[in-house]
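Using the sequences and the hints, build the whole thing.
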Amino acid sequence: MSKNVTIGNKKVTVTPFASWMVVFVLVPMALVVYYAFTNADGSFTVENLKWIYTYRSTMFLSLRLAFIATVICLLLAYPIAYSMSRASEKIQRNATLIIMLPMWMNFLVRTYSWMTILENNGLINSALRTIAGMLGTDFDGFQLINNRGAIVLGMVYNFLPYMILPIYTSLTKIDNSLLEAARDLGSNGFHVFKRVILPLSVPGIISGITMVFIPSISTFIISRILGGGKDYLIGDLIEDYFLGNSGVVNYNVGAALSMVLMVLILIATFFMNRVDKDAKTSGGGRI
Amino acid sequence: MKKKIISLLIAVFMLLGLCACSDNQGNQNSNRSINVYNWGEYIDQSVLDDFEAQTGINVNYTTYASNEEMYSKIVSGAASYDVIIPSEYMISKMISEDLLAELDFSNIPNYKYIGDEYRGLSYDPDEKYSVPYTWGTVVIVYNTKFVDAEDVADESIDLLWNEKYAGNILMFDNPRDTFALAHIKLGNSMNTTNPDDWIAAAEELKKQKPLVQAYVMDQIFDKMINEEAYIAAYYAGDAMTMMEENEDLAAYVPREGANMFFDSMCVLKSSQNKEAAEKFINFMCETEIAVRNAEAVWYAIPHTAAYEALDPEQSEDPLVYPPQEVLDKCEVFINLNQETLILQSELWINLKTQY
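Chains as they are written, first to last, in my numbering: chain W, 1 to 287; chain A, 1 to 355.
Be aware that a few hints might be false.
[Unchecked claim] Simulated crosslink set (SDA-like; lysine to any residue; CA at most 25 Å straight-line):
#1 Lys-73/A <-> Val-33/W
#2 Lys-209/A <-> Leu-63/W
#3 Lys-73/A <-> Phe-139/W
#4 Lys-269/A <-> Leu-243/W
#5 Lys-209/A <-> Ala-40/W
#6 Lys-269/A <-> Ala-40/W
#7 Lys-145/A <-> Gln-143/W
#8 Lys-207/A <-> Arg-56/W
#9 Lys-145/A <-> Phe-139/W
Rather than coming from a laboratory, the hints here were simulated on the basis of the structure.
Here's what the structure looks like:
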């Protein structure tokens with residue numbers, strides 16, 4: 001194959017993706033920045049940025065909930081992904097299917113169904129009440145919904161597959177001979193995990209964290225359905241400014257707040273990539 | 001400027017051949033399809049099928065949860081609609097912003113059925129832009145199993161602030177309706193433009209927030225019917241629907257007053273299918289259709305012939321058609337001026353970001 005043809009092919013294959021990115025990622029991002037730094041008349045201003053300070057507690061709350069959800073996802077996902085990667089091929093196939101299965105249903109429907117599960121007269125509390133009744137005691141039920149715990153639960157439930165699958169993929173990619181070598185050289189199970197498996201699965205962990213953290217921090221519908229619409233997250237705030245639910249539409253403030261989210265996500269991705277690189281080089285060195 | 005950016009964006013889309021322009025043109029030429037944008041749970045869906053069968057015009061039916069949501073969707077230009085059904089204050093706002101089309105009443109002969117007392121109201125004084133769809137008041141719904149009789153004996157708005165029912169109260173998830181309740185509690189007009197009144201109302205809502213289970217719109221049906229919450233303020237027709245589903249529910253119009261609303265069918269100026277849209281409005285005003293629709297949604301109707309044909313159980317219900325002395329205490333929303341809207345928005349977001 002001559003060089004020219006390769007270049008030509010590359011161009012052809014890259015064009016759809018590149019134009020997609022330009023139209024649906026770059027142009028909208030440029031618009032966000034444009035609106036963030038202009039006022040209603042379209043002239044330059046930094047006024048909008050002061051709202052970021054006004055809503056700092058909303059930012060912190062969103063960050064906190066997204067962080068908690070990400071940590072829980074990681075703690076849940078790693079053991080699942082690990083045992084999956086060790087299991088027989090048939091089990092692996094079925095487990096992947098089971099994890100993907102809920103994602104075939106609409107996100108909203110899944111979140112609404114949690115409402116039915118968690119409510120005071122929902123599945124959990126009714127079941128507990130029936131049991132309490134059989135034991136002859138009175139049970140008022142737990143407050144499981146319309147609080148922050150329910151919001152975090154909604155995030156964990158909805159985004160957990162995005163943590164499991166990348167970790168699982170990175171674990172299955174580990175060459176078995178590396179583990180055998182480690183054991184032959186005298187490592188016990190814990191050391192094999194700590195010094196070989198864990199470092200080699202870091203890329204999966206990193207993409208998992210990114211894929212859970214980003215939708216968690218920007219969600220708005222979970223807080224409305226499971227949080228009772230009482231506490232705004234940053235996503236609710238942005239939606240409110242763009243849709244004018246509170247009575248006033250203000251793209252400029254909404255864009256300024258979205259920009260913060262974009263910057264936060266970029267920073268997070270940047271650090272993640274660095275950790276990723278470090279892990280790759282040092283992990284490789286150790287082995 | 002905004003418009004320029006949006007049109008630029010649209011131009012980019014078109015250049016890439018991504019737009020659905022062929023679709024749009026199809027609509028323009030054949031009048032085969034209209035987009036109807038209505039409140040959630042606010043129509044008998046079978047009526048739409050009948051309209052399609054009778055006229056061959058396809059109805060794309062979508063819903064919104066508040067006037068504000070509908071308004072911002074329309075001004076953003078993100079979607080094009082033909083028929084919308086806003087409330088009175090939103091209609092006057094949209095008329096003043098030149099968003100509504102003047103209707104050609106020769107295409108809506110059934111307008112003759114609309115009662116005189118519902119014509120030429122302040123939001124559309126010259127009867128040019130709107131055809132009344134339904135009207136009603138806001139009521140307080142409560143569950144008689146859980147709410148003590150003595151707490152509702154005085155039929156007061158204060159029930160929504162009663163600490164005894166902390167965690168079992170539902171409020172509207174839109175500022176206009178929610179603030180109206182607080183204004184009523186304080187004895188102020190819900191159309192006040194005095195900033196002090198708004199700040200005082202916001203204080204009342206902040207005090208109430210710990211008692212509120214959730215701020216909801218259409219989710220209220222499930223929550224009240226399944227006895228997830230005991231007390232809620234909501235629109236009368238929807239309250240009737242809930243009471244039908246759960247016999248323990250009851251409702252009253254607060255003695256201090258309530259919001260009274262008129263929702264009317266309008267056609268957008270940007271509509272490409274104005275004639276088909278008017279056909280739809282006319283169809284909704286056909287007596288048989290109006291009766292069927294009213295029996296499904298349980299809101300009061302301005303349609304005189306359909307009202308006569310209604311089951312007395314509905315047409316004589318004092319919650320659906322409240323007596324004059326109750327209506328005298330009610331107030332209709334007026335479109336707020338921009339300063340007040342900005343204040344309302346700030347106070348509302350403040351309420352929601354008070355953790």
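Consistency of the hints with the structure:
no.	hint	verdict
1	Lys-73/A <-> Val-33/W	holds, 22 Å
2	Lys-209/A <-> Leu-63/W	holds, 23 Å
3	Lys-73/A <-> Phe-139/W	violated, 46 Å
4	Lys-269/A <-> Leu-243/W	holds, 21 Å
5	Lys-209/A <-> Ala-40/W	violated, 33 Å
6	Lys-269/A <-> Ala-40/W	holds, 24 Å
7	Lys-145/A <-> Gln-143/W	holds, 20 Å
8	Lys-207/A <-> Arg-56/W	holds, 23 Å
9	Lys-145/A <-> Phe-139/W	holds, 18 Å
Taken one by one, the earlier hints fail for this structure at numbers 3, 5, listed in ascending order.
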